[in-house]
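> Take a look at the letters that make up each chain.
2 protein chains.
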Amino acid sequence: MAKAPVLTPRADDFPRWYQDLIAKAELADNGPVRGTMVIRPYGYGLWERMQQEMDARIKATGTQNAYFPLLIPESYLTREAEHVEGFAPELAVVTHAGGKQLEEPVVVRPTSETIVNEYFAKWIQSYRDLPLLINQWANVVRWELRPRLFLRTTEFLWQEGHTAHATYEEARDFAARVQSEVYGDFLREVLAMDFVSGRKTVRERFAGAVNTLTLESMMGDGKALQMVTSHELGQNFARAFHTQYVSKDGRQEHVWQTSWGSTTRMIGALVMTHGDDDGLRVPPRLAPVQAVVLAVKGDEDVLSAVRALGDRLTEAGVRVQVDDRTDVPFGRRAVDWELKGVPMRIEVGPRDLEHGTAVLVRRIPGSKEPVAAAALPALLPGALEDDQALLLAQSRRRREDRTVEVTTLEEAVEAASTGWARLPWAVLGPAGEARLNEQGLTVRCLVAADDSVPASEDEPGVVAVVGRAY
Amino acid sequence: MAKAPVLTPRADDFPRWYQDLIAKAELADNGPVRGTMVIRPYGYGLWERMQQEMDARIKATGTQNAYFPLLIPESYLTREAEHVEGFAPELAVVTHAGGKQLEEPVVVRPTSETIVNEYFAKWIQSYRDLPLLINQWANVVRWELRPRLFLRTTEFLWQEGHTAHATYEEARDFAARVQSEVYGDFLREVLAMDFVSGRKTVRERFAGAVNTLTLESMMGDGKALQMVTSHELGQNFARAFHTQYVSKDGRQEHVWQTSWGSTTRMIGALVMTHGDDDGLRVPPRLAPVQAVVLAVKGDEDVLSAVRALGDRLTEAGVRVQVDDRTDVPFGRRAVDWELKGVPMRIEVGPRDLEHGTAVLVRRIPGSKEPVAAAALPALLPGALEDDQALLLAQSRRRREDRTVEVTTLEEAVEAASTGWARLPWAVLGPAGEARLNEQGLTVRCLVAADDSVPASEDEPGVVAVVGRAY
Chain A
162 MAKAPVLTPR ADDFPRWYQD LIAKAELADN GPVRGTMVIR PYGYGLWERM
212 QQEMDARIKA TGTQNAYFPL LIPESYLTRE AEHVEGFAPE LAVVTHAGGK
262 QLEEPVVVRP TSETIVNEYF AKWIQSYRDL PLLINQWANV VRWELRPRLF
312 LRTTEFLWQE GHTAHATYEE ARDFAARVQS EVYGDFLREV LAMDFVSGRK
362 TVRERFAGAV NTLTLESMMG DGKALQMVTS HELGQNFARA FHTQYVSKDG
412 RQEHVWQTSW GSTTRMIGAL VMTHGDDDGL RVPPRLAPVQ AVVLAVKGDE
462 DVLSAVRALG DRLTEAGVRV QVDDRTDVPF GRRAVDWELK GVPMRIEVGP
512 RDLEHGTAVL VRRIPGSKEP VAAAALPALL PGALEDDQAL LLAQSRRRRE
562 DRTVEVTTLE EAVEAASTGW ARLPWAVLGP AGEARLNEQG LTVRCLVAAD
612 DSVPASEDEP GVVAVVGRAY
Chain B
162 MAKAPVLTPR ADDFPRWYQD LIAKAELADN GPVRGTMVIR PYGYGLWERM
212 QQEMDARIKA TGTQNAYFPL LIPESYLTRE AEHVEGFAPE LAVVTHAGGK
262 QLEEPVVVRP TSETIVNEYF AKWIQSYRDL PLLINQWANV VRWELRPRLF
312 LRTTEFLWQE GHTAHATYEE ARDFAARVQS EVYGDFLREV LAMDFVSGRK
362 TVRERFAGAV NTLTLESMMG DGKALQMVTS HELGQNFARA FHTQYVSKDG
412 RQEHVWQTSW GSTTRMIGAL VMTHGDDDGL RVPPRLAPVQ AVVLAVKGDE
462 DVLSAVRALG DRLTEAGVRV QVDDRTDVPF GRRAVDWELK GVPMRIEVGP
512 RDLEHGTAVL VRRIPGSKEP VAAAALPALL PGALEDDQAL LLAQSRRRRE
562 DRTVEVTTLE EAVEAASTGW ARLPWAVLGP AGEARLNEQG LTVRCLVAAD
612 DSVPASEDEP GVVAVVGRAY
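So the protein sequences, as listed, match chains A and B. Under this note's numbering, read the first sequence as residues 162 to 631, first letter to last. Under this note's numbering, read the second sequence as residues 162 to 631, first letter to last.
Fair warning: there could be bad hints in the mix.
Since the list gives no way to pick one copy over another, a pair counts as held whenever it fits inside one copy or between any two copies.
To be verified - Straight-line Cα separation of at most 20 Å, EDC-like style, residue types lysine to aspartate or glutamate; simulated pairs:
#1 Lys220 - Glu209
#2 Lys283 - Glu566
#3 Lys384 - Asp562
#4 Lys220 - Asp174
#5 Lys220 - Asp472
#6 Lys283 - Asp497
#7 Lys261 - Glu546
#8 Lys261 - Glu235
In case anyone wonders, no lab produced these hints; they're calculated from the structure.
Just chain A, same shape as in the assembly:
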C-alpha cells in the first residue's frame, strides 16, 4: 500500500509541488505586502551558507565589502537613460518621511549602480586608485506583478559587486573572472548545479550595460533559470556621474566598469534543481546540517548514545544536529528531515544499542542500510562527497538529455516544450528572437561553437540556447 504523498508530485503539478515544498520544508512564507517574503530559519540557514561560500570567493578576487544607502534620490536614476527606462516601472517610491512630504521623492534601491557611481566619482582621483573593487550584501526592492517565492520577489537579498578599471580590457576580463571564479565555481562546487555560461542578447541585457554575461541552469521541469549575471557597463555610468581618473600621462579619462549580482533566487533554484517528490535534497557542501542523528525512542540509553555519536561526528568535521525531540513521533520527524533534505539521517533505536549499529538513510541516492555506529565518523565525510558528486551528475545529465540541436525556429519551439533547444544565432537573429518571445520563449544566452563565451554575437558559429524561463 503506497503512503499518501506529503507533497503534490512534480509530474502532477510542478509549480504546486514547488509551493508545497517551500511551505512544508519551512523555507519561507509570503509577506503581507504583495510579493515580499519571510525567510524562515531553515531557509535563511541555506542563505547564510551561500553567503559564506560566495563571500570567500569574492574576497579572493581582491574585492572589499562596503555598504551604500537603501534610499536613492529619484534624480540619480534618471542620469543614465537606459537604466531609468529599465527600472522605472518597478520602483518603490518614498514620498513622505518624518511626518512631512519630501521635497524630492527618494526611491528604494532596485540596484546601486547610480549611488555607487556618485561615490566612486569622489573616491577615484588617479590611476593609483584603480582598480576599485567593491561588493555589498544588501536588500533591494523591485515591484513584482507576478511574484513567486525566492524566484521573483518584491524584496530580495543579494550581493552586488561594483568595480572600476582603467581600461576596457581590464573591466571585460574582471567580469569574465567573476563569472568563472566566483559564480561558476560556486554553482558547480557548492550548489552541485550544472549550467551553461554565455552572453545575453541585446534584448536581454541589463539596463545600462554594454554586455551581460549569464549562467543559466535547467530546472527539474526543463525550464531555464537565470542564476547570476555579470555586466560590462562600459563607460555609461562613468559618463553620467563623471567618474574620472587622471591617467599616468596626466589625462582625464572615464573609468570602465562592471557590476554583478547573485540573489536569494538561488534558494529557489536549489529546490527546483535537486528537489524530488519527497522534498528538498541539499548538496552536502552547502548543507547547514549535513547529518541528523535521530533518537528513535526517548529512553536514556538511546539519548546518551545519539548525543555521543553526534559529538564524534562533529569531531570528524561533519555539521551535525542531534534530534532528541522524542515527544514528537519518530515518523513525523523522519518525514520532516526528508522534506528539509538533510543529506544523511542516522537513526538509533534501542535494538541498535545492543548490536552497536545504526540505520543510515542517505537522502540523495535514497538508500537505507544498517551500519556499524563506530564506523560512521570515518565513513560519513567520504559519503557526503560522493553524494555531492551524484547531485552534480544528475543535474548535468538532465540538461544533456533535454537539450536538442535544431536548425529552424519551429523545431526550437517544439524542443522547448520539454527542455532547451540549441539553434544557430545566424538562423535566428533579433527578428527570430522577437518571434520566440511572442510564444513565451526566450534566448537564454549565446554560446560559441566550442561552448565558450563568445566575444561578440557576430562571431561565426554562435549558438542561441532557447527555452522557457522562470
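For chain A, the structure is supplied; the task is to place chain B on it using the hints.
Same frame as chain A, but now just chain B:
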C-alpha cells in the same frame, strides 16, 4: 618643532575631531539623502568583525537567524498604541510603487516587532513551539532630524532579536541573559569597552515595552552613549497580534516576549571611546587588521622580507596586512595606519635587513622600539592581548574618574558637565527627571545599590546614573 595635527585635537572641538577622524580614517561618508551614510570598506570591515563575534554569541543562546520584509503595512504599526506613538514621527512611507499609487501605504521598517508578531502568531500553536528565538541582521530606517555619522543615521544596520516564551519569568530571564552573555560579554571582551548595566526609567523605555535594559558607556568627552538595549515586551504585542499558544493544560495563553538590538552605532562608540588625537585605536580582538608590515622602501630585498614576515605572522594566528605600496611616501602611509588605528605597525627598511631587526610601533600604548624580526611571531600574540587589556582598563578608569556620587539634583547637573552623576532615585524621581531633561541631561539608567540591575525602580537603594548623552 611640533608637527601640524592631522585631526582637530579632541580638547579643541570633540565633535569636529570625531567628524575628521571618520573622514580621514575612511570609515564613512554622508549619503545623498539626509542622514544616510555610505560605510566605506575599512568601516565595514569593523562591522563585519562585530557581526561575526556578535552572531556567534547570539547563536550560543539557541537563537536562529531569519529574515522579515523591509516593507510593513502601515496598519500593523497602529495595532500597538504606544509603539505607533513612539515611531510615527520617524517613519519613511512608500506611497507609490510599480508606477501606481498604493491602496495602503507601506512603511520602511523602523524595527520589526509588528511584522514579527504577525508570523509568530502563525508559527506558534502549542507550548512545544516555545521558546521561539529569532534574530535578524537587517537595515532599518528612522527619519533623523539631527543626524551624525554612525551615532544617529536615517538608515542604520543592526541585529534585532525577537523571542517568545511561555512565562513572564522566562522572558525576563532571557532578556537579562542577552544583556550579559551576548552584549555585555561582547562589549567587554571584544570592544574593550567599559559600561554600566541598568534599567531605563519609564520615560526612556522602548515604545511598547514593559521594561528596557541598557548598557551605557562613557565616551572620551564624558558624555554617555546607549550602546545596546534589550526589552521585555510583556504581552503587549502578543495581545495586539493574537500571538497565543495552547499550554500543557490545554488553555489558550498569550506569549511573553523580548526584543533586543545592537547597531552600527557601535562603530561610532568605538571611535569616541578609544580614539585619540592621532586617530582611531582598534581593540586587537576586533581588528580586521591586527598588524601591518610596512616596507619603508621599495627595494626587492625589503619587499621580499616584509612578505615573508607577513606570512610568518599569519601562521602565528595574527590578522596581517602587508603594505608594499612604496609608490606612496612612507610617512603618509604611517600616518594613514595611525589614523585607522591598526594595533601593531612593523616597519622594515634596508638597514633593518642588515641587523635582522624591525621597528615595532604599538598604536595603543604609543610605544616604538626596535625588535628582532625573528622574535615577532612569538611576541605579537601576547602583545596584542596586553594592549586589548590596556584599552579596557583606560575605558574603565575614565568612567570611574569622571563619575561623581551626589545627593541633590543641582549637584548632578554640576557633575554632568564633565561626566556622570550618581544620585539616589528616591531623591530624583520622575519629577526630578523631567527637570533634568529640561537642562539637556537624562537618566541613562537605574542601577541597584550593589551595581546589579534592579528588578524594579521602587527597590530601596536604587541609584540613577545621570549624564549628557548622544
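> Return the numbers of the hints above that this structure violates; sort them in rising order.
2, 4, 7
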